[in-house]
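S.K.: Protein sequence lines, in the order shown, are assigned to chains A and B. Numbered by our numbering, the letters in the first sequence go through residues 1 to 443 in order. Numbered by our numbering, the letters in the second sequence go through residues 1 to 443 in order.
Don't take each hint at face value.
Quick list of simulated restraints, FRET-style, between CB atoms [as the list claims (entries may be wrong)]: (1) B:D80 / A:Q394: 53 to 59 Å; (2) A:K46 / B:P66: 40 to 46 Å; (3) A:I157 / B:S17: 57 to 63 Å.
Simulated from the structure, these hints should not be mistaken for laboratory data. C-beta: ideal position from N, C-alpha, C; glycine also.
Protein chains: 2
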Amino acid sequence: MSGSDKPLRVIDDTHNSNLRSWVESANSDDTDFPIQNLPFGVFRRKHSQETVRIGVAIGDQILDLPRCRDLGLLEGIAGDLPQAIAAPVLNPLMALGPSVMAQLRGRLVRTLDSERGGGDPNLLVPMDQAELLLPVAIGDYTDFYASVFHATNVGRIFRPDNPLLPNYKHVPIAYHGRSSSIVASGTDIRRPSGQSKAPDAPHPSFGPSQRLDYEMEIGALVGVGNPLAQPIALDEAEQHLFGLCLLNDWSARDIQAWEYQPLGPFLAKSFVSTISPWVVTIEALAPFRSPAFVRPPEDPRPLPYLSSTSNEESGGIDVKVEVLLSSAQMREQGLEPLSLSRNSFLNMYWTVAQMVAHHTSNGCNLRTGDLLGSGTVSGPANDALGCLLEITRQGPVQLPSGETRRFLLDGDEVIFRGYCEREGYRRIGFGECRGTIVPAVSP
Amino acid sequence: MSGSDKPLRVIDDTHNSNLRSWVESANSDDTDFPIQNLPFGVFRRKHSQETVRIGVAIGDQILDLPRCRDLGLLEGIAGDLPQAIAAPVLNPLMALGPSVMAQLRGRLVRTLDSERGGGDPNLLVPMDQAELLLPVAIGDYTDFYASVFHATNVGRIFRPDNPLLPNYKHVPIAYHGRSSSIVASGTDIRRPSGQSKAPDAPHPSFGPSQRLDYEMEIGALVGVGNPLAQPIALDEAEQHLFGLCLLNDWSARDIQAWEYQPLGPFLAKSFVSTISPWVVTIEALAPFRSPAFVRPPEDPRPLPYLSSTSNEESGGIDVKVEVLLSSAQMREQGLEPLSLSRNSFLNMYWTVAQMVAHHTSNGCNLRTGDLLGSGTVSGPANDALGCLLEITRQGPVQLPSGETRRFLLDGDEVIFRGYCEREGYRRIGFGECRGTIVPAVSP
Numbered sequence: 001m002s003g004s005d006k007p008l009r010v011i012d013d014t015h016n017s018n019l020r021s022w023v024e025s026a027n028s029d030d031t032d033f034p035i036q037n038l039p040f041g042v043f044r045r046k047h048s049q050e051t052v053r054i055g056v057a058i059g060d061q062i063l064d065l066p067r068c069r070d071l072g073l074l075e076g077i078a079g080d081l082p083q084a085i086a087a088p089v090l091n092p093l094m095a096l097g098p099s100v101m102a103q104l105r106g107r108l109v110r111t112l113d114s115e116r117g118g119g120d121p122n123l124l125v126p127m128d129q130a131e132l133l134l135p136v137a138i139g140d141y142t143d144f145y146a147s148v149f150h151a152t153n154v155g156r157i158f159r160p161d162n163p164l165l166p167n168y169k170h171v172p173i174a175y176h177g178r179s180s181s182i183v184a185s186g187t188d189i190r191r192p193s194g195q196s197k198a199p200d201a202p203h204p205s206f207g208p209s210q211r212l213d214y215e216m217e218i219g220a221l222v223g224v225g226n227p228l229a230q231p232i233a234l235d236e237a238e239q240h241l242f243g244l245c246l247l248n249d250w251s252a253r254d255i256q257a258w259e260y261q262p263l264g265p266f267l268a269k270s271f272v273s274t275i276s277p278w279v280v281t282i283e284a285l286a287p288f289r290s291p292a293f294v295r296p297p298e299d300p301r302p303l304p305y306l307s308s309t310s311n312e313e314s315g316g317i318d319v320k321v322e323v324l325l326s327s328a329q330m331r332e333q334g335l336e337p338l339s340l341s342r343n344s345f346l347n348m349y350w351t352v353a354q355m356v357a358h359h360t361s362n363g364c365n366l367r368t369g370d371l372l373g374s375g376t377v378s379g380p381a382n383d384a385l386g387c388l389l390e391i392t393r394q395g396p397v398q399l400p401s402g403e404t405r406r407f408l409l410d411g412d413e414v415i416f417r418g419y420c421e422r423e424g425y426r427r428i429g430f431g432e433c434r435g436t437i438v439p440a441v442s443p
Numbered sequence: 001m002s003g004s005d006k007p008l009r010v011i012d013d014t015h016n017s018n019l020r021s022w023v024e025s026a027n028s029d030d031t032d033f034p035i036q037n038l039p040f041g042v043f044r045r046k047h048s049q050e051t052v053r054i055g056v057a058i059g060d061q062i063l064d065l066p067r068c069r070d071l072g073l074l075e076g077i078a079g080d081l082p083q084a085i086a087a088p089v090l091n092p093l094m095a096l097g098p099s100v101m102a103q104l105r106g107r108l109v110r111t112l113d114s115e116r117g118g119g120d121p122n123l124l125v126p127m128d129q130a131e132l133l134l135p136v137a138i139g140d141y142t143d144f145y146a147s148v149f150h151a152t153n154v155g156r157i158f159r160p161d162n163p164l165l166p167n168y169k170h171v172p173i174a175y176h177g178r179s180s181s182i183v184a185s186g187t188d189i190r191r192p193s194g195q196s197k198a199p200d201a202p203h204p205s206f207g208p209s210q211r212l213d214y215e216m217e218i219g220a221l222v223g224v225g226n227p228l229a230q231p232i233a234l235d236e237a238e239q240h241l242f243g244l245c246l247l248n249d250w251s252a253r254d255i256q257a258w259e260y261q262p263l264g265p266f267l268a269k270s271f272v273s274t275i276s277p278w279v280v281t282i283e284a285l286a287p288f289r290s291p292a293f294v295r296p297p298e299d300p301r302p303l304p305y306l307s308s309t310s311n312e313e314s315g316g317i318d319v320k321v322e323v324l325l326s327s328a329q330m331r332e333q334g335l336e337p338l339s340l341s342r343n344s345f346l347n348m349y350w351t352v353a354q355m356v357a358h359h360t361s362n363g364c365n366l367r368t369g370d371l372l373g374s375g376t377v378s379g380p381a382n383d384a385l386g387c388l389l390e391i392t393r394q395g396p397v398q399l400p401s402g403e404t405r406r407f408l409l410d411g412d413e414v415i416f417r418g419y420c421e422r423e424g425y426r427r428i429g430f431g432e433c434r435g436t437i438v439p440a441v442s443p
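Using the sequences plus the hints, can you model the full thing?
M.R.: Listed below in structure tokens is the structure:
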């Protein structure tokens with residue numbers, strides 16, 4: 001680990017599995033939000049005129065940060081912190097950088113620690129009484145394509161003779177996404193209309209997408225940006241990241257197939273993307289660092305700007321992800337959502353640090369709040385595929401209601417979950433990223 | 001013309017060629033900024049601590065809008081106008097919509113009209129004493145590919161056997177661009193570094209781009225946005241546009257060739273894009289409306305959502321554009337910039353209204369300040385090509401200094417100009433969009 005990685009990858013007292021909180025629900029084995037996690041989000045009390053507030057998830061509660069500040073619990077960390085906490089989005093907080101975030105993390109642990117005694121319930125808002133909003137004002141959204149398994153599987157469909165292009169193992173391939181249409185988990189997903197053309201159709205036609213899909217991704221949110229024309233070195237890259245979230249890059253495959261050449265996906269993706277409400281900080285992920293993807297010996301070594309010992313040894317982050325589907329009929333019949341896939345973020349060919357270093361290698365500036373999507377998280381196994389396009393290549397999915405699916409139908413709800421676990425540490429989770437398909441706008 | 005186009009395409013008293021201003025330089029035949037134009041921008045007095053201010057170009061002067069407001073000259077137009085004029089970017093003003101903009105235009109003409117008498121010189125700031133800044137906070141930047149000539153020429157280079165893809169004449173092809181790195185005219189352009197691979201090289205390598213190019217484009221800036229999942233109909237599209245500017249979508253061709261498959265251009269473009277400081281309003285362009293590009297009879301008719309009588313009859317805007325190049329050696333020798341190409345925006349296969357309608361057809365929301373680039377403006381003639389990649393296909397350009405160019409060298413300055421002229425109307429101009437190449441960051 002290089003010196004510059006501190007304090008991001010340091011496992012310290014805040015990760016101690018013996019820590020318990022006076023918020024009892026945070027001590028439950030199955031919570032995503034023990035005291036060791038402390039992800040940030042933005043919320044508003046339901047049915048209230050209260051302003052939007054920054055909070056931290058703890059068990060089934062939200063720690064209200066402006067209230068912590070008002071009670072003097074956050075004093076002496078950084079001069080800008082009180083103002084940052086008053087904002088309706090995380091951006092000013094994210095811009096404070098890893099040193100302040102590490103101090104804030106320490107203070108929040110002390111505030112919530114059971115050793116403090118009973119704690120102050122006035123600091124909490126029950127999560128089920130809150131509306132969780134889009135946590136970040138996202139400037140630019142970049143979507144990578146970092147799973148070699150996904151790239152190969154999709155390439156096989158779009159270009160059977162040429163699935164994995166020659167640049168893939170040298171270049172962390174990415175495209176610019178649409179930031180205006182990024183919504184918070186729980187927002188309904190309007191089925192997009194668009195142009196498509198079946199291979200055997202004489203002409204294209206316009207109408208509701210018939211091949212609507214999800215893409216299971218991890219999003220990395222930029223904390224401190226870089227000035228234009230000042231690239232970020234690989235071993236400095238994570239200093240510029242605030243944290244990770246779950247990301248659904250909804251995709252209309254029929255629109256995509258017709259429009260994507262030669263400039264890449266556009267309307268097939270820009271109708272909406274969903275992110276989870278809680279951002280898990282890079283600091284919280286320290287115990288779950290892991291070696292980067294181990295490339296087969298025949299693969300090229302990354303060029304020097306994408307290569308470092310630190311990245312190889314601990315550039316990976318072992319986030320386990322799961323995708324579930326629930327159809328309207330399943331919900332009517334009281335059936336549980338069906339698990340479609342499970343995978344780990346470790347299966348990605350490129351690390352988040354490599355994404356940042358590549359993105360800025362041409363001098364491109366990142367700004368606080370920019371979102372870097374990983375691309376679909378697919379693994380080598382058949383039950384580790386991150387979108388329906390891959391899963392249903394061999395045939396439709398059977399739902400417990402007796403229905404089948406190749407692509408999403410109106411009423412389908414897609415649920416992503418993510419978590420990290422490792423022997424000796426408390427499991428921490430990302431919560432959920434959800435969206436339900438609603439019918440296309442009538443023409 | 002459909003009723004919904006009003007007041008955008010209405011030629012009224014504000015376009016009368018007999019109008020003269022008490023700002024004498026605005027009455028000169030060769031000014032870009034007569035009283036009939038009135039483009040908006042954002043400026044700061046050089047060497048002053050004064051805040052950033054919104055202004056309107058008039059001759060060689062800038063009309064200081066906050067000062068106009070302070071003197072009560074803008075009263076009674078719209079309640080939000082005084083606040084919008086106090087902003088450091090045009091966005092709040094752009095969001096007020098075409099009806100307010102038409103009223104403001106009328107008021108500005110009366111304020112500057114020579115019939116008003118000598119006028120008040122305190123309302124003016126000489127343009128040469130002002131720094132012109134990025135006028136708009138750009139949320140998302142979308143870049144189209146609307147010149148069939150450019151698409152064919154470039155396609156011939158990247159895909160000799162398949163230059164124009166089958167979707168081109170059905171779909172207004174576009175990709176998402178990078179908004180963080182959009183800069184104001186005059187900002188130096190740092191040569192990007194990146195990965196490239198010559199066709200005969202065994203491996204890719206990383207270094208300063210050797211094939212740095214400009215792309216001459218027109219940018220359309222969104223005024224009033226649309227909510228997510230509410231597409232904008234073709235004949236309503238221009239109601240959502242505030243105005244046009246010049247746009248240089250600088251491109252590193254060697255990086256582009258290696259990275260662009262399968263997801264389109266990324267680092268080849270994201271290092272920087274330049275826009276002109278003055279935004280010419282849609283209202284000012286009314287006299288220069290023209291039929292859209294006339295498609296050859298063998299071309300497909302656009303699908304209904306991209307087709308209307310109004311668009312065919314007057315969807316075009318006859319902006320004449322010119323690209324000039326000045327090398328460091330030329331400037332040392334006192335030589336004038338060399339004109340590389342001249343063209344008209346009428347040569348675009350898709351209109352700006354079609355771009356807006358297509359962009360939102362899937363429900364994607366546009367926000368105030370979003371930028372829609374036209375793509376490189378190339379025409380059918382050899383002297384109407386909008387980038388060096390096309391111009392130097394047959395061989396290098398000869399400069400009057402005795403130098404030659406295939407791509408841009410350090411010290412080269414690229415200058416775009418644009419204007420509209422039509423018998424019976426005053427010529428109006430876009431000013432310039434400039435940038436000079438400076439050496440790559442040393443590794």
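S.K.: Does each hint fit the structure? Answer for all of them.
M.R.: Quick rundown of the hints versus the structure:
1. B:D80 / A:Q394: 53 to 59 Å: holds, 57 Å
2. A:K46 / B:P66: 40 to 46 Å: Given a distance of about 42 Å, which is inside 40 to 46 Å, the answer is holds.
3. A:I157 / B:S17: 57 to 63 Å: holds, 59 Å
Hint violations for this structure: none, all hints satisfied.
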